[in-house]
Each structure stands twice: as C-alpha cells, then as structure tokens.
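Asks: Counted the way this note's numbering counts, the sequence shown spans residues 5 to 291.
Treat the hints as calculated values from the structure; they're not laboratory data.
Be careful, since some hints might not be right.
[Claimed, not checked] Restricting the straight-line Cα-Cα distance to at most 25 Å, the calculated cross-link-like pairs of lysine-lysine (BS3-like) are: (1) Lys179 x Lys201; (2) Lys255 x Lys201; (3) Lys14 x Lys121; (4) Lys290 x Lys202; (5) Lys121 x Lys201; (6) Lys290 x Lys10; (7) Lys10 x Lys73; (8) Lys73 x Lys137; (9) Lys290 x Lys12; (10) Lys199 x Lys73; (11) Lys221 x Lys109; (12) Lys255 x Lys290; (13) Lys202 x Lys233; (14) Lys233 x Lys255; (15) Lys199 x Lys158; (16) Lys73 x Lys87.
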Amino acid sequence: MQYIVKRKGKQLRPMFVMLSARLGGAVNDKTYRAASLVELLHTATLVHDDVVDDAAERRGFFSINALWKNKVAVLVGDYLLSKGLLLSINNGDFRILQILSTAVKQMSEGELLQIEKARNLNLDEEVYYDIIKGKTASLLSSACGAGASSTFEKEEDIQRLEQFGEKVGMAFQIKDDLFDYGSANIGKPTGNDIKEKKLTLPLIYTLNNTSSDVRRKIIYIVKNQNTRKEKVQYVIDTVRQAGGIDYATEKMIQFRDEALELLFHYPQSEVRDALEELVRYTTDRKY
C-alpha cells in the first residue's frame, strides 16, 4: 500500500469530484468520501490492468505485478476496491455508491469489448466510442456525478455533470490514443497500441479511408508483425499521411466543446473557470 500511495498519479478524477461538488455548494464530508472512493477505484483498476496487460511498468516505476507477481496484484486490487466500497457503505452514501458501482461495471464491459474486437480487428468507429465510453469516460463521468450528488439537490444537475464528465473522458482517451503516434511533444511515437493490436481512432479512420492494398498491409502488420519496429513505423507514417491524426484531433476537440457547453449552463465563477481549465488541460496536456 505504501508503494502505491507514494507513486500516485495526477489525481485528476478527485479534482473533478471536488470541483463538480463546488458548483452546487460547499464541499462536505460526503464530497471527500466520494473523491477518496473514485481514487481508490481508479487505483484498483490500474493495478488489475497491469496484470491483464502483463505490464512491468506504471508511470515510470515498476508495476505491482512486476514486484510482487500477479497473485498479489489481483488481491491488492480487490482490497482497494473493497476499501472504497466500505467507505461509502459505512457512511450511508448509497447514491454515490450506486453511481460508482455502475462505472466499475461499465469499465469492465469496455475492456472486455476491446479484447473481443482486437481479435477480429473491428473497423467500426461507433464500436471504438463504445469501448472508450466504458473504459475511460465512465469513471470520469461518475466522478463528476458523485461530486455533484454530494451538494446538488436536483437529479438533473447530477445527470448534467455526469454527461459533462463523459464528454471530457472521451476527449481524454482520444488524446491518449494520439500520444501513440507521437503527435504531441513526448518525443518519439510509442506504437504501443499497435503492438497490442488495439484499433484506436487514428488507425480506424485510416483503414476506412485508404486503398484496399494499404488496408490489407496495415492489418497484416498489426496482426503478424506488430513487434517489428520498421513495420510499426510504416503504420504510424501511413496514419499521419492519411489524415488519421487530424481526424482524431478534430473529434477530440468536438467532445471537449460539447463538455464545455454543458459546463456553461452554470454561471461564470471561480469554480467554473477551474473546471474549464481542467477540461482544456485534458486535451492540451503533453503527457
């Protein structure tokens, strides 16, 4: 536990909990518990993700499974999950618990859908949105909803902020997918998604907007030659030339603007400005 706590990430999700709550009133104990639950759930899913992906690193440090093997990592993930759930149950935060338990279900569905589609390299843009809605957007959506439910009286405000969080989450994941092509200033492209046979938006767009010869070649590389550097580089270059990066960037901006539109339903304030800044950070960030 100490190892995990020392290496915490940006803690974006708790920030969204706090600021969403502040839109409706003063932050209270329920808000803090919601923020804690979100971060515990997020950490639990990361620990489990590293087992699923067989990843040896997380944020530049060894993953739990690399140091203590898979069995410990699975149990630690379960432990974090139950600590979070008990925090809500013991304090009677049932609405928050309902919102976040739904997110855990959606995250599992998103991951399973991605695994299923990676087998037959699905080229459907809508399926991609379904995957990232479950995988990433659902937790950010529930973070905003849980925060809102701690201060807002009306259900419509909770739902509006859940929608807001979902849009931000969609933009956030597309930004992550763009990093794989080195479109941001993080140095060289990584090509990790290609190695893992993950079809992300830049690649889906390219495959649907290129000649059948190039499409066949890319699919063959992703399926059979995804560990060969020069082959992965060919895919990255083709995606760039075909406009896959530009298209995905455009979609990301669209989701970001839809999120801001929902946010601007609330009057201008220091809190709303901070939320707007956070939203813009998710699409402008360099890592």
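Asks: Take the hints in turn and mark each one as holding or not.
Replies: Evaluation of the provided hints:
Distance check on the hinted pair: Lys179 and Lys201 sit about 18 Å apart at the alpha-carbon level, within 25 Å; holds. A threshold of 25 Å between alpha carbons decides the hint, and for Lys255 with Lys201 the separation of about 22 Å falls inside it, so the pair holds. For the hint pairing Lys14 with Lys121, the CA-to-CA distance comes to about 30 Å; that exceeds 25 Å, so the pair is violated. In summary, the hint linking Lys290 to Lys202 is supported, as the alpha carbons are separated by about 22 Å, within the 25 Å threshold.
For the hint linking Lys121 to Lys201, the alpha-carbon distance of about 9 Å falls within 25 Å, and the restraint holds. At roughly 23 Å between alpha-carbon atoms, Lys290 and Lys10 fall within 25 Å of each other, so this suggested pair holds. Using a Cα cut-off of 25 Å, the hinted pair Lys10 and Lys73 holds, with the two alpha carbons roughly 19 Å apart. Taken as a hint, the Lys73 and Lys137 pair is broken in the structure, with Cα atoms around 30 Å apart against an allowance of 25 Å.
Using a Cα cut-off of 25 Å, the hinted pair Lys290 and Lys12 holds, with the two alpha carbons roughly 18 Å apart. For the hint pairing Lys199 with Lys73, the CA-to-CA distance comes to about 23 Å; that is within 25 Å, so the pair holds. The straight-line distance between the Cα atoms of Lys221 and Lys109 is roughly 36 Å, outside the 25 Å bound, and the hint therefore fails. With a CA separation close to 18 Å, the supplied pair Lys255 and Lys290 stays within the 25 Å bound.
Restraint check: the Cα-Cα separation between Lys202 and Lys233 comes to about 16 Å, which is no more than 25 Å; the hinted pair holds. This hinted pair does not check out: Lys233 and Lys255 have alpha carbons roughly 28 Å apart, beyond 25 Å. Annotation: proposed proximity of Lys199 to Lys158 is violated, straight-line Cα distance about 46 Å (limit 25 Å). Our distance criterion of 25 Å between C-alpha atoms is met by Lys73 and Lys87, whose separation comes to about 21 Å.
Of the numbered hints given earlier, the model fails hints 3, 8, 11, 14, 15; all others are met.
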